[in-house]
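Visitor: Residue numbers (the numbering used here), protein chains in the order written: chain A, 1 to 266; chain B, 1 to 266.
Since the hints were made in silico from the structure, they are not lab data.
Zero decoy hints are in this set.
Partner residues are not named here, just some residues of chain B that face chain A (Cβ under 7 Å, in silico):
| no. | residue |
| --- | --- |
| 1 | Pro225 |
| 2 | Val247 |
| 3 | Cys251 |
Below are the SDA-like pairs computed for lysine to any residue, each with C-alpha atoms no more than 25 Å apart in a straight line:
| no. | chain 1 | residue 1 | chain 2 | residue 2 |
| --- | --- | --- | --- | --- |
| 4 | A | Lys215 | B | Arg217 |
| 5 | B | Lys215 | B | Gln12 |
| 6 | B | Lys215 | B | Met171 |
| 7 | A | Lys215 | B | Asn36 |
What follows is a set of in silico ranges between Cβ atoms, one per label pair, in the way DEER data are often shown:
| no. | chain 1 | residue 1 | chain 2 | residue 2 | range |
| --- | --- | --- | --- | --- | --- |
| 8 | A | Arg35 | B | Pro169 | 31 to 41 Å |
| 9 | B | Asn36 | A | Ala40 | 35 to 45 Å |
| 10 | B | Asp242 | A | Pro196 | 33 to 43 Å |
Nothing here was measured: the structure is a model prediction, and the numbers come from that model.
Heads up, the beta-carbon is just placed ideally off N, CA and C, and yes, glycines get one too.
Number of protein chains: 2
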Amino acid sequence: MTAMQVIADNLQITRPEIEAALFDGDPEPIRSLARNLEAAGADGIDINSGPLPRNPESGMALLVEAVQSATNCRLLLDTTNPRAIAAGLRQSNRPVIINGISMEPAKLEHILPLAAAFDADVIAYLLDAKSRVPSTEAECYEIAVALLQAGESAGLDKSRLIIDPVVSPLMWENGCARNQTILSVIGNLAEVLGFPVRTIAGISNLTSGRGPASKKRLFEAAYLPMLAAAGLDMALLNVFHDQTVRVARACTTLTEQALFSWAAVD
Amino acid sequence: MTAMQVIADNLQITRPEIEAALFDGDPEPIRSLARNLEAAGADGIDINSGPLPRNPESGMALLVEAVQSATNCRLLLDTTNPRAIAAGLRQSNRPVIINGISMEPAKLEHILPLAAAFDADVIAYLLDAKSRVPSTEAECYEIAVALLQAGESAGLDKSRLIIDPVVSPLMWENGCARNQTILSVIGNLAEVLGFPVRTIAGISNLTSGRGPASKKRLFEAAYLPMLAAAGLDMALLNVFHDQTVRVARACTTLTEQALFSWAAVD
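Can you build the whole structure from these sequences, using the hints too?
Guide: Listed below in structure tokens is the structure:
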């Protein structure tokens, strides 16, 4: 098993300094945040630009250029706007991950072809055509198979697919049961799809809603090792939650099966 | 899945105040520690008395009486001395767990019959006849089957068996690989043995040896959820490691699949 990568979910258009930087065309606040995310342990940074209704090309190009000039992180382009994604793909000087597609027709029609055309990794959400969470584990696999077929029909190499089973908030009535199912899905997807498909999960989603921060951090730190043991490849999380990042690193050591791994960790 | 129980491994004859209390025949230091362990979150207390070469009966009787008079915890009798175990079984006013047996002939001959005679739960270690750790996962299952057969030959109801796959120190050359195997063993034992056998694991063993305390706590907290997700029933640990206990409780919430479980946790 390869090391589980930590992807920062902190770079969001909803942060006032990022929104202002984009409005002003000033890369420095974006670079500064990106540097802090890398220093906090990010292997990759999810660029959550929102839909960028005005100037999607120049907006995403600014974001991509700022992040890649400041860090060695992998880039994830997290927007529903295909023009912004295309601009990000053109601007990037390194392989990027498109985040993402689902069975929603607009995404299959406008975003999936970009992944195929640019030969880029693409995250595919296990959500139905109306972006709803599946109600059974079997339905998760049906959607995964459908996404794989859609990718192959679009000319995407299947090795480009990264499946996101979509962690549910614990505050949902059946949140714990859903998240147990997700562990099983992550563990079984490679066998169901017939190749070692990569997986990603968004940890912040687990504790979305109201609740004390200490309790939220505890549940993040407890669920992440379960995902790691199931074989998760990438954990998307708030990298300023330092205990969560430390747990992620410990999980990597525990799952890598390297020799003398204890001595290798500081 | 039922809640993962937390068993304290803190009550050990190697603690000076416990050794002195036993020497003096004074139950109060034992009661005091037991109360603190229950307050720290222990559902059960492992009474690690050592071999009690002098006065095994009165020594174990004192320990059992002190703990059960001070707490509502389950009791585990952790000694290789069959006379001490028998005395503890007679003294106890509640169901106890014998800790434990292995394929070692002396234990099968002298301790296993006590479990059968008293109809007590008994922990069985996945170690070979010379108390060595198995080198493969297949060997773990062979030993588990042999322990089940030994139990049934001795007249033990199989539901009394609790399997301990024996967590390895991370400092061992192949410690991480072994502990990955243990996750798989815990997940598969019920199917291999053909009934929902319970499991226990000693978490402190993971970080035995030299190393910084903060790193040890981190690895405890990261490995425990992996064990919980695999289906572990009882976690034997230092309950004064409060973050480890908090993680154990969070794991219970995450694995129980109850409805509205978030709101139930404080």
